[in-house]
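Enquirer: With the hints as a guide, dock the two chains, each given alone in a separate frame, to form the complex.
Residue numbers (the numbering used here), protein chains in the order written: chain A, 1 to 198; chain B, 1 to 202.
The hints are simulated quantities; they were obtained by calculation from the structure and are not laboratory data. Using N, Cα and C, we set each Cβ at its ideal position, and we do this for glycine too. Keep in mind that a hint or two might mislead.
[Stated by the list, open to error] Now the stretches of chain A that chain B is said to cover, found in silico as 3 or more residues with beta-carbon under 8 Å: (1) 39-45; (2) 50-59; (3) 76-85.
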Amino acid sequence: MSSEPANVMANRERLSALVDGELDGDDVVRACALWRDDGESRATWHAYQLIGDVLRSDDLASDASRDGAFVAALRARLALEPVVLAPAAPPVQRARRFAWMAPAAAAAGFAAVAIVVTVLRNNEPEVAVATSVPAALVPTSALEPPAKAANAETPIAGPMVRDARLDYYLAAHKQFSGSSALGAQGFLRAATADGTGR
Amino acid sequence: MTAADADAPLVERVKLGDVKAFEMLVVKYQRRIERLIGRMVRDVDLVPDIAQETFIRAYRAIPQFRGDSAFYTWLYRIAVNTAKKALVELKRDPVVTESSLASRGDDDETSRVENELSDGETPDAVLASKEVAAAVNSAIEALSEDLRQAITLREIEGLSYEEIAELMNCPIGTVRSRIFRAREAIALKLRPLLDTREGERW
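The following block holds chain B by itself, in its conformation from the complex (with noise of 0.2 Å):
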């Protein structure tokens, strides 16, 4: 099993009605898919619409879901040709929303540079990412090596768990524990940050 159909077992669930199984997907693509928007749209106010859009149209979209491509790549697609299609409707139906007042004067790279970074979030936001981020990767550094080879072999280099089995010279279940160790030692460190409250927010 390669990277490419990691998504299908969520896939048949959401085919077969199990519309969890699709909020499962969402948790998953919903940054990606919020990055890429936030690149094609400069409003940044737009883009949780646009991406809840996205999914929207995805969910309906998917009994036509073949499988010929990978999950993402499908849903790469529809979030680029709503976001296409938010942009000429704003282009026929002008919205001046509050941030595209304030960055109207900034100079365009560093606007650009800005909208990359934050999304439009608020200051404290931006703040909470950056120490979500330094606590993956100081976490990821803490790791044994067999722990941060076998999450890294999986998640940057997307192989399955067979092809780190043969790489790590290991049996498969050994790759399974040992990804599942890394990001439960990552999750550790993590969860203050998440959620005080864990599980009530979910």
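Only chain A is shown next, with the shape it has when bound in the complex (with noise of 0.2 Å):
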């Protein structure tokens, strides 16, 4: 059929796989470097492509000196663009998979930083509990990620933005949340040992 050398129809035969995508692997890294390395290889994916769209319609037949000056021209602005790299497909769903635990975490901070504030805010006229708030709070803010740390300082700073669905679930619980300072912070203790815990 041919008399070009055994290893030139090796290289042609793993480029014909290519083109079905019938390779991989090694195989795969091996066939884009004869395109990088060797002009006849970059000539045989070439004809081998064209085989293929004249297959399909006569109106995808090309001149080849058309097609190699469009590449030419892409590959001069392919270098002016920054090399792109994604992360490898598992990893990506992998992290798709978990993306929403970061703001459930988030939520769950915030909520527990929320209730013990508004807890103790309702127990105001035990001074103590109250001036202990910002230095027992410190420790569960350390449950939620860095990144989302800051949101929980929303509800310290000011009371006025208590979302008023936790007043409706105050006034629900009036009877638990007026009990006693010393429940409130035994529950305040229970959050910072589980903080440390981790």
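Expert: The structure is reproduced here in structure tokens:
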């Protein structure tokens, strides 16, 4: 069929399989290296692709110099582009699968802090407890991802941003919130222990 | 493996930073993309520019390509959007190019046919394209039945090697070899037309 050396034919067979997407692993890397380093392989790749196009439709037939000029022009433009670096598919999927956890964790932390703050605010007469709030809250915020930690400060900074639903919640649970300062501190201590335990 | 993800190995290489793998995809799709744009944009002089822009945009966006659709489906959409955007810009800032002036007097139907046939190429290029098509078709006619069937099932029907092996009742390795031999037999007839200084052009 051809007088080409065996290694040339082996390279071409590899390119042929890659045309069909039937090559994997190191063979793909090797075939791409052929395209990069070897003009003969580039011409072969083009010929195989052109054959496929003409098989599908005569009006896809093209002049090789035209195709070559197109790629040469594009290559010059690609050289100005930053190199694409995207994570491989499997890690991306894994990242996406757990992506919901970040906001969920932040929300959980937010809710915990908000409840603690409002519970303690309800015990206003117990001055000792109220002043201990900021110190007690610090370990609680450690529960959250560092980037989301800023969110936790919102309920502390101003009681005005308190969610109306919390008022509703507290009104419904008035008997518990008014129980005792000791109970509230116990809750705080539990949260602190949980935070350092991680 | 189906035809839909035949590009997956190359797309993965591009995502790993291999620009050359993207060039391989360009060589695969440049003719289809230019034909598609040529059908949307009447001004044939703009077709290569819009095709270039399409591939640049695809290259920039490829980290976002998740493989939910075939690579060509994704590229096709980019080409359509790029052509539409070019048409809008053209309306805002019309630039009369030589070829649009030349085709202005033509009857619409006639010039549309001409556009599809020539894509704004010179008569020499049109002739070269016709020679390429004729060479490929006659080389396919000359193939043995086994080789012709294998490459047809792959290129026209889009079947995987595994499916072809099942249909032709032979091992997958034989399918791979038959398709390769078919391509080489056709390429042998094609090479003199494609380039006399083989490799230099690419």
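Enquirer: Each hint: holds or not?
Expert: Evaluated hints:
| no. | hint | verdict |
| --- | --- | --- |
| 1 | 39-45 | holds (count 6) |
| 2 | 50-59 | holds (count 9) |
| 3 | 76-85 | holds (count 6) |
Violated hints are absent here; each numbered hint is respected by the structure.
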